[in-house]
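Keeping their order, the protein sequence lines are chains A and B. Using this note's numbering, you'd call the opening residue of the first sequence number 1 and step up by one each time. Using this note's numbering, you'd call the opening residue of the second sequence number 1 and step up by one each time.
There could be a bad hint or two in this list.
Restraint-style ranges between C-beta atoms, simulated for each label pair [as the list claims (entries may be wrong)]: (1) B:V102 - A:P224: 55 to 65 Å; (2) B:L270 - A:A121: 45 to 55 Å; (3) B:R226 - A:R112: 29 to 39 Å; (4) B:P172 - A:E253: 48 to 58 Å; (5) B:V258 - A:D64: 53 to 63 Å; (6) A:H176 - B:R168: 35 to 45 Å.
Anything over 10 Å on all C-beta distances counts as not near chain B; from chain A, calculated [unchecked claim]: (7) A58; (8) P78; (9) P80; (10) P104; (11) A108; (12) D117; (13) Q155; (14) V220; (15) P224; (16) P230; (17) A247.
These aren't lab readings, by the way, just hints derived from the structure by calculation. Note that the structure is a prediction, hence the values are computed from the model and not measured. Glycine is no exception: its CB is placed at the ideal position from the N, C-alpha and C atoms.
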Amino acid sequence: MGTTLDDITITGLSHAFSVAGAPLPVLEGIDLVMPAGRVSAVVGPSGSGKSTLLRIVAGLLPADEGRVAIGGRRVVGPDPRVGLVFQEPRLLPWRDALDNVAYPLELAGVGREERRDRAAAFLELVGLTGFGSALPGQLSGGMAQRVGLARALVQEPRVLLLDEPFGALDALTRDHLDAEILRLWDRLGATIVIVTHSIPEAVFLADRVVVLSARPGRVVADIPVELPRPRSWATLDEAASTRSARAIRDALERRGGPLPGPSDARLPVTGSAA
Amino acid sequence: MTTRADEQPATTAAAPRRGRAAGMSHLLRDVAAIAGVGLLLALVWQAIVWVGGYQPFFLPGPLVVLQRWQTAIVAGTLTPHLLTTLTEILLGLAVGISSALVIGFLLARSVSAERLLSPWIVAAQATPILALAPLIVIWFGSGLLSKVLICALICFFPMTVATTVGLRSVDPRLLEMGRSVRATRRQLLTTIELPAALPQVMGGLKVSVTLAVVGAIVAEWVGGERGLGVLINLARGSLFDTPLLFATLLTIALVGVVLYLVVVLLERRLLGARASG
Ligand SMILES: Nc1ncnc2c1ncn2[C@@H]1O[C@H](COP(=O)(O)OP(=O)(O)OP(=O)(O)O)[C@@H](O)[C@H]1O
Ligand SMILES: [Mg+2]
């Protein structure tokens, strides 16, 4: 599994956007280490800068202050070691599923035959064998998101960043895909950072959960999740997971600001499931 | 036209070959329907001529026109004019469209370019082509060049607007996705921006080809020795041959329809597999 080569080190990270001429501080003094080959979850109120944090780690946005390094090498732009899954699938609507998955390989100049083979393998990995020639418009929300996941995985990144990847899906699909993420992680051993609004999801997936405060986002708690692996929803240790969930909720309520109640946290976001 | 392609997204994606065949049979059905309507119009037209008892120099019936059309083709009256006009249209389209693509791209890319250029482009478009054409003929002579310029000018504006709007309509989130998988600027353009702009560009192209026909005729009216516009003038003025005038008009309309159909076919080829929305 992971070595220290793939850990993510964030030091003294601050970022502000300028909105209508005035600076809007979004992240402040973030110091974090995401250990190699582990799953870290980031939770925080809406607007606390979670997506901004991921965009900075992915090299899509230069931070105002501080530095991000992967395996000791500073991130200065989109990095081939990093795969990113967005909140929406962001598929190219004129390409079929296979060509969407093959897209990063095409950009990297991989030959047609090889990239189609590799893309097909990753489509299979996310359980979409036989859907290679389907267009994004013909896929369900969950299937499209899995194509997005396959596209992030196809270059075999050592670091996988997931920004509320299943937030728009119904709870059942989300649970199912979360279990798939763990299965993939078992196989690939990547360093995973997942941003989520769902405390149960964070507990289920992560080795530790980072809690951010309301904007400007600061780290207010870093809560280890001591659940045995491999995990599945069926065998989940209810008592231990409830303990972790409570610790996260407490941290959020003390410092983070309001989150949805325990039952709401697993409900689909109304109207946003496509 | 697009709705027809959208009717069967599953077919087009799962079996592109069958999808294309279905597209062709759709096209045949379209052509048959159009021909049927044409026949109906011809009947009404003939009825009007009979009931009104009009002379052919005032309103020739469809049969007279068809006959005149045929003799004009056989006698070689029509073809040289048609070829001249087609050359003007195609060259004008090539010049107009390629410059519109370049300028449209610049306008989409740079706000300052848009501020600087768009008032002039709009002004050029707002000036009636009929008023500009004589000037262009004075400056560039009454040969092919001025015709090509007038054709190019008339389709430049819609094509530029279509290109700019198309490129601007690209979802920034798709561009961010492209950046996240390390697309270069050039790759972003070729794999995301251009394909995303294609529907609008094709729309602009449809408008442009029909306008280019108008441009060629206007240009030939203003000054020229050959072309369908010249033939109209001849038929009306010195020859006093109204059936020939009609035959020429029909030829012009046919040129427009054929060009339009070519664009529709091109569009289906390029966008056929794309799901709606
Ligand atoms: N490009 C931008 N320009 C200006 N402001 C921005 C930009 N991107 C994000 N922001 C602002 O920064 C703040 C944090 O945004 P961010 O998307 O990182 O939050 P988040 O924690 O991911 O929220 P959510 O949970 O709702 O997705 C928000 O107030 C947002 O309005
Ligand atoms: Mg977000």
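Now for the hints, and whether the structure bears them out:
1. The supplied range of 55 to 65 Å is met by B:V102 and A:P224, whose beta-carbon atoms lie about 58 Å from each other.
2. In this structure, B:L270 and A:A121 break the distance hint of 45 to 55 Å, their C-beta atoms being roughly 30 Å apart.
3. At about 49 Å, the CB distance of B:R226 to A:R112 disagrees with the hint of 29 to 39 Å.
4. Taking the beta carbon of each, B:P172 and A:E253 are about 35 Å apart, not inside 48 to 58 Å as hinted.
5. For B:V258 and A:D64, the Cβ-Cβ distance of about 59 Å falls inside the hinted range of 53 to 63 Å, so the restraint holds.
6. For the pair A:H176 and B:R168, the supplied restraint of 35 to 45 Å holds, since their beta-carbon distance comes to about 39 Å.
7. Non-interface call for A:A58 relative to chain B: violated, since the shortest CB-CB distance, roughly 6 Å, does not exceed 10 Å.
8. A beta-carbon of chain B comes within 10 Å of the beta-carbon of A:P78; the shortest separation is about 5 Å.
9. At the 10 Å boundary, the C-beta of A:P80 falls inside the reach of chain B, the nearest C-beta of that chain being 7 Å off.
10. The Cβ of A:P104 sits about 4 Å from the closest Cβ of chain B, inside the 10 Å cut-off, so the non-interface label is violated.
11. For A:A108, the non-interface assignment is contradicted: its Cβ lies about 7 Å from the closest Cβ of chain B, within the 10 Å cut-off.
12. With a least CB separation of 18 Å from chain B, A:D117 remains clear of the 10 Å interface cut-off, as annotated.
13. Non-interface status of A:Q155 relative to chain B is broken: a Cβ of that chain comes within 10 Å, the nearest being about 7 Å off.
14. For A:V220, the shortest C-beta to C-beta distance to chain B comes to about 28 Å, beyond the 10 Å cut-off, and the non-interface label holds.
15. Annotated as non-interface, A:P224 keeps its C-beta farther than 10 Å from every C-beta of chain B; the closest such distance is 30 Å.
16. Every CB of chain B is more than 10 Å from the CB of A:P230 (nearest about 29 Å), matching its label as outside the interface.
17. For A:A247, the requirement that its beta carbon stay farther than 10 Å from each beta carbon of chain B is met, with the minimum near 33 Å.
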